[in-house]
Each structure stands twice: as structure tokens, then as C-alpha cells.
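Starting from the given sequences, assemble the full structure and let the hints guide the process.
Chains as they are written, first to last, in my numbering: chain A, 1 to 490; chain D, 1001 to 1490.
Among the clues, some could well be false.
[What the hints assert, rightly or not] Restraint-style ranges between C-beta atoms, simulated for each label pair:
1. Lys6/A - Arg1308/D: 47 to 53 Å
2. Lys1374/D - Ser101/A: 55 to 61 Å
3. Arg2/A - Arg1308/D: 35 to 41 Å
[Claimed, not checked] Heads up, simulated DSSO-like pairs for lysine-lysine below, C-alpha to C-alpha not over 27 Å straight-line:
4. Lys52/A - Lys1098/D
5. Lys52/A - Lys1014/D
6. Lys1351/D - Lys1294/D
7. Lys6/A - Lys1052/D
8. Lys245/A - Lys1474/D
9. Lys1294/D - Lys98/A
10. Lys1245/D - Lys1288/D
11. Lys1006/D - Lys6/A
12. Lys374/A - Lys390/A
13. Lys6/A - Lys1474/D
14. Lys1052/D - Lys245/A
15. Lys52/A - Lys1312/D
16. Lys14/A - Lys1052/D
17. Lys86/A - Lys1157/D
18. Lys351/A - Lys294/A
19. Lys98/A - Lys1086/D
20. Lys1157/D - Lys1221/D
21. Lys93/A - Lys1294/D
22. Lys1374/D - Lys288/A
23. Lys1086/D - Lys245/A
24. Lys1014/D - Lys14/A
25. Lys1006/D - Lys14/A
26. Lys1408/D - Lys1390/D
27. Lys1474/D - Lys294/A
28. Lys14/A - Lys1245/D
29. Lys474/A - Lys1006/D
30. Lys1093/D - Lys93/A
31. Lys294/A - Lys312/A
32. Lys86/A - Lys1245/D
33. Lys411/A - Lys374/A
34. Lys1288/D - Lys98/A
35. Lys93/A - Lys1390/D
36. Lys1288/D - Lys245/A
37. Lys6/A - Lys1014/D
38. Lys1098/D - Lys93/A
39. Lys1093/D - Lys98/A
40. Lys1006/D - Lys93/A
In short, the hints are calculated from the structure, not lab data.
Source: prediction; values computed, not measured.
In this text, a Cβ means the ideal position worked out from N, Cα and C, and glycines have one as well.
2 protein chains.
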Amino acid sequence: MRLRVKRLDIEADKPIVVMHEEDARRVGTYPGGRVELRHGDRTVVAIVNVTKRAVNPGEIGLYADTCEELDGGLDYVDVQPTSEPKSVMYIRKKLDGKHLSPGEIYEIIMDVVEERLTSAEAAAFVAASYIHGFNMDETVALTEAIVASGDIIEISKGPVVDKHCIGGVPNNRTTMLFVPIMASLGFYVPKTSSRAITSPAGTADTMEVLARVDLSADEIKEITESVGGVMAWGGGTRIAAADDKLIAIRRPLALDPRGMLLASIMAKKRAVSSDYVLIDIPVGPEAKLSSVRKADELAEQFVILGHRLGMKVRAVLTDGSAPVGRGVGPVLEAKDVLEILHGGGPEDLKKKAVELVAHMLEFVRGVPFDEGLKIAEGQIRSGEALRKMKEIIEAQDGDPDVRPEDLKPGKYSETIYAEKDGVVRYISNRGIASLARTAGAPFAKGAGVYIHVSRGQRVRKGDPLITVYAESEKLLRDALALNVSPVRIE
Amino acid sequence: MRLRVKRLDIEADKPIVVMHEEDARRVGTYPGGRVELRHGDRTVVAIVNVTKRAVNPGEIGLYADTCEELDGGLDYVDVQPTSEPKSVMYIRKKLDGKHLSPGEIYEIIMDVVEERLTSAEAAAFVAASYIHGFNMDETVALTEAIVASGDIIEISKGPVVDKHCIGGVPNNRTTMLFVPIMASLGFYVPKTSSRAITSPAGTADTMEVLARVDLSADEIKEITESVGGVMAWGGGTRIAAADDKLIAIRRPLALDPRGMLLASIMAKKRAVSSDYVLIDIPVGPEAKLSSVRKADELAEQFVILGHRLGMKVRAVLTDGSAPVGRGVGPVLEAKDVLEILHGGGPEDLKKKAVELVAHMLEFVRGVPFDEGLKIAEGQIRSGEALRKMKEIIEAQDGDPDVRPEDLKPGKYSETIYAEKDGVVRYISNRGIASLARTAGAPFAKGAGVYIHVSRGQRVRKGDPLITVYAESEKLLRDALALNVSPVRIE
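Put into C-alpha cells, the structure is as follows:
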């Protein structure tokens, strides 16, 4: 059927056409079906949107990209229904509870990356994966497909080590200590991190206070090989390209099929050629995992998957029952990190970072854990870790001479004080995060919360508990209006 | 966050806004998330599309409907993330394999009808329903929710009888005989039918050759009460409104969760106040069901569901191994029907329709089956059924005096002849359907296939087997180019 082209002046992610209801019926297609568009000897497969009003019968709405692909100046196209990609058949196979072969998984992932699936098809895949799960063979195939979907960085030196935390705990910015300490000890750490999605800051947001984080794959390779460590925003690269697409599908459904979670994390490690990977799994009532049994299960799956992919993985369970560090929000977290590297800063964050380094030294070199702790602490005390951090900041186009006191939180602030004498029993991860987030973090870098107290600490009525910082009066008010009391005193 | 409104000059089914990637992050939302738009004291909840190009940072793309809802002339809106509707939580519950309460199912169905769900959420619901299934309580609730979603027709006379065929067999136009015969016997038959989706003709497409089928709920009620029978296009009414939406979600995924199939059919019967319902389940290698065991299971579920909804249901298994009738395509099928009512026409179609009437008479009145057959045949022979059909056609604004010979198939035709002597062993449902469909049915009313032979018939080389009709030379060629031989001779 030949239809007149009506150009639609906005762009779409996917090749979509808009057809009048009557024409769709006449062509034998339907909303979410696929048609082949032909003009001369060029063809494009597009997904059908159906309308009663946006286009008239006899017309077809084409977005700019599709017009270009067929012929810049075209005024008509021939339209016929066409079959769905093979991956849709494999998605149905998964819906039927069957296992998928590596080739089938690869096909699905490539169609996800190329935007050849409708959002309904992609959602059905995530739903089926969530319900039926993936076995380890499928998880390995999924990880390899995600790796293959993007850039791969080969680091010519070694050993290449990496860490990942599954998240859920405010601040907890151990990466920004782990990377310079490990690099100062002669390891290579090509660390990519995410920005915050629902938290007040991701490592990428925090590192961005000190340096540029939107590095290319080439820059990540170069800086790792020359300086020993790098801290880049993973989303700015094409490493594990499929992962961003899969996350975009999963997020609105809030579905985290286990196999996809594992593959998402491990693909990014595999794609930067990590030899040794340390996974930090915080456990606590308001962490992502609240049961030690489930955390142990997850830890084991990380180790097995790593082994199957040719990486050595150790997973450690850590205390996720409260924020780690004092500041929450990009500037406040960067300040904590710099203070530690300068010999001060919050003890809990320093202790956790030092322990992660000791785990890695034990794992890679067989260094006894206690000795590893001393080595890590020594690198901070001697200033070696700070020196390495400056090299990294400089390599990422930041100011290597930045000092903690240069980092200023938002100029609007309000402090909340203890209303009675007592002991700090609980500091709520979620309460702190929602205050910091509402105050503007991570977009307003200076917004966030500073926590003056630690669990177990005795306080007197009138002692400061937390200070909320914002870059505008309004956002400060919004945060305070939440009326959240994240510090419980008993 | 306040954003400048950019009007988008096309309409969308759902309230969707287009935001720049940066603004989405800043507001704390993401593709597929929801935001509340506020202008003055009006608010609208919309689903977020994210772009890098279609709008600039600081702008928000709004479709015409959304602008109107907020304020025709608005130039800015305040945007903040908002929570998803409760139904999304219930969809997650279903994904987790739990049963849903009637209230939860009702909430989901209402959000489907009101387009408050993203296509990903709706697809996840269908996928979860497909995998975990519905128990009978859920199926009853789903049916009742679908009934409640649209118009309900109360027929003040009775008994109200209805039939439904689950489809898959070309022609098989028994409804157009069943309705006038039953109505001529004093029953009331408010029949709504669908148009073809993937077949060469639906009952609505075929009846449309003779009369208007886009009737309102009021017209369906009036004609049923005054004439005794009506044959309307269900899609033209607001009866069981949710069903069209659910079908639109299921079709691209080709998923037919059993509970949704049952609810879809029975909701439409309940909504027109049927007392007695006959379900025709064709069984055959190319029918929708190929196993008698599975057909029996389905039959039982129809009966139980009907009982739970206060309807008496009988389900009969019929021979679905070949087309029923001679013509396939709207005009050719209408011609078969009129010929039977005039005393001739294809024996197999007449026999099947008469049997369905006999089943209904046995079911409602306890008339012995053989006697029911005679009663039904008598209504045709005496011309009573034809007289009633004319009344129905007239009530639906058609020409009551139409005669079979007035109905002309497409003027382009080609006949396919037997290439050898032998016996007709098989006539392929799918082969006939795809020929008729490619020739232009159901949109070109005169397009289709006439089948000259029946199974078991002895033919000689050169005897006509089928004639393909089309309304254009090109579509005739397209159909013949399929090179399909739907009649197998051995």
C-alpha cells in the first residue's frame, strides 16, 4: 500500500511510524506491529503507532531519522506488514519457561541495543526473566552479550583490579580511597562508576567535584596505564552499551531479575579487563539486602559468574545498617575523602576503605589481612595515596592541589539538634538520603546532609545531629518540610 | 522545577511529556517514570519520554490534549516526580506469583482503560498473567471488571441467548444463520461480533455486506427487543471497553493468557445480559486447538465461569479441520448465508448452523436434539428464518430484498484446477485464509476464495478446485504469487 509521507518534527528513539487506524487495518497491521517501508530500493522496518487524528487516511507519519534513512526528500512510501525479529520468538520461549541458548540471548541483546524491540516486548523479556530466572549458563551468556555490545578496554599492564558496591548506603565513598591506595601500590584500577539514580550521589557525581569524569574508553585505558588508576563515569562511555538500555527497561518496572543484576555488574568489569574483582555487599535493614543468607547466596553467584568469565572474584559482606562517612551529597562526600587522604576525616569510611584494600591484597598477593590493613593505612599516612589521587585528578583535568577546605557545601543550611539527652541508636539510610536528595543532591553538588554523630554516641539535648545544606533557600525549605528525623536517640 | 511549554503538534493516546535528558535527571525522573504537571491549581499526571534533541533543556514537550487539560494558553508548567498508580504495585504482586483480589484486578483494568499505565507496565501484566495464570476467582473478577468498564445492555425480554466461536476456521459463518433462526423461534439474540484481525473476514465484516454494523448500545437493545435479533460490530460500541485495550496489549506479544481469553469472551456476553450462551470450539490441526483434551478443558472452564457469572453456558467441540462453507471473504460468505436462507447453499455450513440451534433448543427448552434439528431445518425450509433475516437487515438500515445473486465477488478472478485425478484429502484453513487475505479480504469486500470441492470428493484432472477473487488485478497477482495449493488431492 502506498502512503503519502507526513514529516513529524520530533525525533524518536526507535523507528516508529504513525498510521491512521483505517490504513493500519487495510495494510493488515496493528499498534505495536511492524511494517516494512520501501522507497525505491531502500527499506526500513518500523514499529506501528495507530492514530485516529494525527495523520489522515492515506498518510503516514515519519520521524526525521526514518525519512533520512529512506531518502531525504521522499513524498511517499510503500508499506507492507513484516515479520517480527527472531528475538521476539526467543522472548516467547523465555515466557514459556524454557532456557535460552547463548545465541538466542545474544540476538535479544543486540536487538535491545539497536532499539529493534517495542517497549512491550522488552518489558515482557524482563518480566519473563524475573519470573523464570536465568541459570548460570544463561547468566554467563547474558554477561558476554552485554560485554560484546560495547567497547572493550584492554589494559596492557597488570594486575588489573576493580571493586564494586551493590549500593544502598549513603556516602560509603570507598572507591575514591581504594583506587588511589591500590594504584599507589602498583596495581591498575580502571574504575567506571554510575551516577546516582535514586541516591543523593554516585561515585561519578562525587568524583566530578574534583575532576572531569566523562572520559572516553581510550582515555580510561591511557590514564590507567600511565597513572595506575582512573575514576570515570561509565555512562559516558560505550562500555557494556546494552546495560544502559536494559536498566532503562527495568527501572520503570522496578524489576531486578537476579541474572540481569549480576550480568550488569560483571559485564562492566569484564569489559575493562579486570583480573581481580572485589564486590562489597552491604547488609542492613535499609540496605539492598537485609538478610545475611540472601547476601551469602548473592556473593556465591558473583564468585561463580566471575570464574566462568575468567575473572577472580571475592565478595565481602559489610555493615550496611547506617551511612558510612559524615557527608552525604557530592561536595560533602568529596570533602570526607580528601580529609582522609590528608590524614583526618571520618574514621568509619577510612576503616572500611582500608579493609577493602586489605581484602584485595590478601586475595591477589596472599598478604595476611592484618598486614594488609597496615599497608593500606601506611599509604594514607605517608601521603602516597594522596599523591596518587592528585595524579589521577590531574590526569582527569582537575585541580590536583584542591584541599578539603576548598570544597564548600551549599550556602543555605539548617542544623537539627538533639531534643533530649541519650544515645544515638539508629541513623536511617533512607531518611538521610531523602533529605539530601530533596535538598538538591546530586544535581546541586553542594546540597546534602552532614551527620555530626555516630551510632552509639552519647548526646546531650541541644547537641547538633545533622546539618542540611542546599544551594537555594527553596530547596532547603522543601527538605526541612519533609519533617524527617533520621537520627534516633534513646 | 518550572519548564517552558513546547507544544507538540500531534496527539498521543496517553498523557505523555517529552523532557530533555538533563531536566529529567534534575527533576529526579527517567524514561517511563511519572511526573505531576501543575499550572495554577490544575494538575495532570503524565508519563515521561526523554530526549536529547526534540526539546531543549528548560523546555517540556506537551501534546495538545495535555495542554487543554491544564490551560489552553499556558506557557510554563511546574514539574515534579510523582508516584505510580497503585495498580503498578498489583502488577508486581502478580509478577511475584501471588493471587490478586477482585479490587486489585478492578484497579488494574480501570487504569488500562484510562491509559494510565505505560505499555511496558501493561505488557508486564500480560506476561505475568500468561506465566502465572489466573485462578477461577481471579478470572471471575477480571470478567466483571471488563463488564464494568463499558456499557451494559439490559434486554427487557427473554430468554436472551448468544453464541460465540473461538475462531480459526474460514467462513464458518454460522452466526448469520443461528441469529435469524433463533429470533424466528421467539428468542432474543443481541449478537456482537468482531471484525477480522488476521482472518479473511469476521462476522462484522460479512454482515456489513448486507447492513450497517456500527450500532450503538441503544440500537442493539432496541433492535433486539423489537426484532428479536441483531448482528453488530462489538468494536463500535463501548461494551466491555477494557477488552479492546487488553487485546491491543496482547496482540503484538501474541500472548493469550487463558484467563484473559475466557474473560474477554464472557464479559461481552454478560454485558448484553445473555441468559444462555453456546460456545463453539473448533478442533483440528489448523484450528486454534488441535487436541480434544485441551478443548475439553477449555469447554469446562467456559461452563464454570459462566455459572459463576450467572449465565448458563454450553460449550461444544466441532470439526475445525477444514473451512465450513464454500466462499471465504465478506461478499462470498454473505452469499453462502443468503443462499442457505433461500433453500440452497453449502450443506456443511447449513448443517453446522442447524446443529448449533438444536444444541441451544436442547439446552434451553430440553428439546431432544434430533427434534431440534428438524425445528431448525423447518425454519429455513418454511422461509421463516429468511423473513427474520430481512427484518434484521432492515432494522440495521440494509436492503431487506437483497438476493444472493445481487452479491458480486471481485471482478478479477482466477481458477485453479486439479492437476491429477484423485480424492480431496485436505483443505488447508491457513492456505485458504492467506490466499483470501492477500487478495484483499476483508477490506476489499469482494475479495476472497470460492472452494468448489469438499473433503472426500472425487475429482478428475482439470476440475476446478478454487477460484480466487480480487478487486484489483495487482492483488489477484499478489495472491497467486503466494503459490499456495490449499487443496490436497491423493
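Right, here's what the structure says about each hint:
1. Lys6/A - Arg1308/D: 47 to 53 Å: holds (49 Å)
2. Lys1374/D - Ser101/A: 55 to 61 Å: Once the Cβ atoms are compared, 60 Å apart, the range 55 to 61 Å for Ser101/A and Lys1374/D holds.
3. Arg2/A - Arg1308/D: 35 to 41 Å: Violated, at about 51 Å.
4. Lys52/A - Lys1098/D: violated (38 Å)
5. Lys52/A - Lys1014/D: holds (14 Å)
6. Lys1351/D - Lys1294/D: Judged against 27 Å, a Cα distance of about 25 Å means the pair holds.
7. Lys6/A - Lys1052/D: Roughly 23 Å between the alpha carbons, so the hint for Lys6/A and Lys1052/D holds.
8. Lys245/A - Lys1474/D: violated (43 Å)
9. Lys1294/D - Lys98/A: Distance ~21 Å between Lys1294/D and Lys98/A Cα, so the pair holds.
10. Lys1245/D - Lys1288/D: holds (22 Å)
11. Lys1006/D - Lys6/A: holds (20 Å)
12. Lys374/A - Lys390/A: holds (22 Å)
13. Lys6/A - Lys1474/D: holds (26 Å)
14. Lys1052/D - Lys245/A: holds (15 Å)
15. Lys52/A - Lys1312/D: Distance ~39 Å between Lys52/A and Lys1312/D Cα, so the pair is violated.
16. Lys14/A - Lys1052/D: holds (14 Å)
17. Lys86/A - Lys1157/D: violated (53 Å)
18. Lys351/A - Lys294/A: holds (25 Å)
19. Lys98/A - Lys1086/D: Violated - the C-alpha atoms of Lys1086/D and Lys98/A are around 31 Å apart, more than 27 Å.
20. Lys1157/D - Lys1221/D: holds (10 Å)
21. Lys93/A - Lys1294/D: Given pair Lys93/A, Lys1294/D holds - Cα atoms ~20 Å apart, limit 27 Å.
22. Lys1374/D - Lys288/A: violated (72 Å)
23. Lys1086/D - Lys245/A: Measuring from Cα to Cα gives roughly 26 Å; hence the hint holds.
24. Lys1014/D - Lys14/A: holds (18 Å)
25. Lys1006/D - Lys14/A: Holds, at about 22 Å.
26. Lys1408/D - Lys1390/D: Given pair Lys1408/D, Lys1390/D holds - Cα atoms ~19 Å apart, limit 27 Å.
27. Lys1474/D - Lys294/A: violated (64 Å)
28. Lys14/A - Lys1245/D: holds (23 Å)
29. Lys474/A - Lys1006/D: Satisfied, since the Cα-Cα distance of roughly 26 Å is no more than 27 Å.
30. Lys1093/D - Lys93/A: It holds: about 23 Å lies between the C-alpha atoms, which stays within 27 Å.
31. Lys294/A - Lys312/A: Distance ~21 Å between Lys294/A and Lys312/A Cα, so the pair holds.
32. Lys86/A - Lys1245/D: Holds, at roughly 26 Å.
33. Lys411/A - Lys374/A: It is violated: about 39 Å lies between the C-alpha atoms, which goes past 27 Å.
34. Lys1288/D - Lys98/A: holds (22 Å)
35. Lys93/A - Lys1390/D: It is violated: about 50 Å lies between the C-alpha atoms, which goes past 27 Å.
36. Lys1288/D - Lys245/A: At roughly 36 Å apart (the allowed maximum being 27 Å), Lys245/A and Lys1288/D break the hint.
37. Lys6/A - Lys1014/D: Distance ~22 Å between Lys6/A and Lys1014/D Cα, so the pair holds.
38. Lys1098/D - Lys93/A: Between Lys1098/D and Lys93/A the Cα gap is close to 22 Å, so the pair holds against 27 Å.
39. Lys1093/D - Lys98/A: Within the cut-off at roughly 22 Å; holds.
40. Lys1006/D - Lys93/A: violated (43 Å)
Comparing the model with each earlier hint shows violations of hints 3, 4, 8, 15, 17, 19, 22, 27, 33, 35, 36, 40; every other hint is respected.
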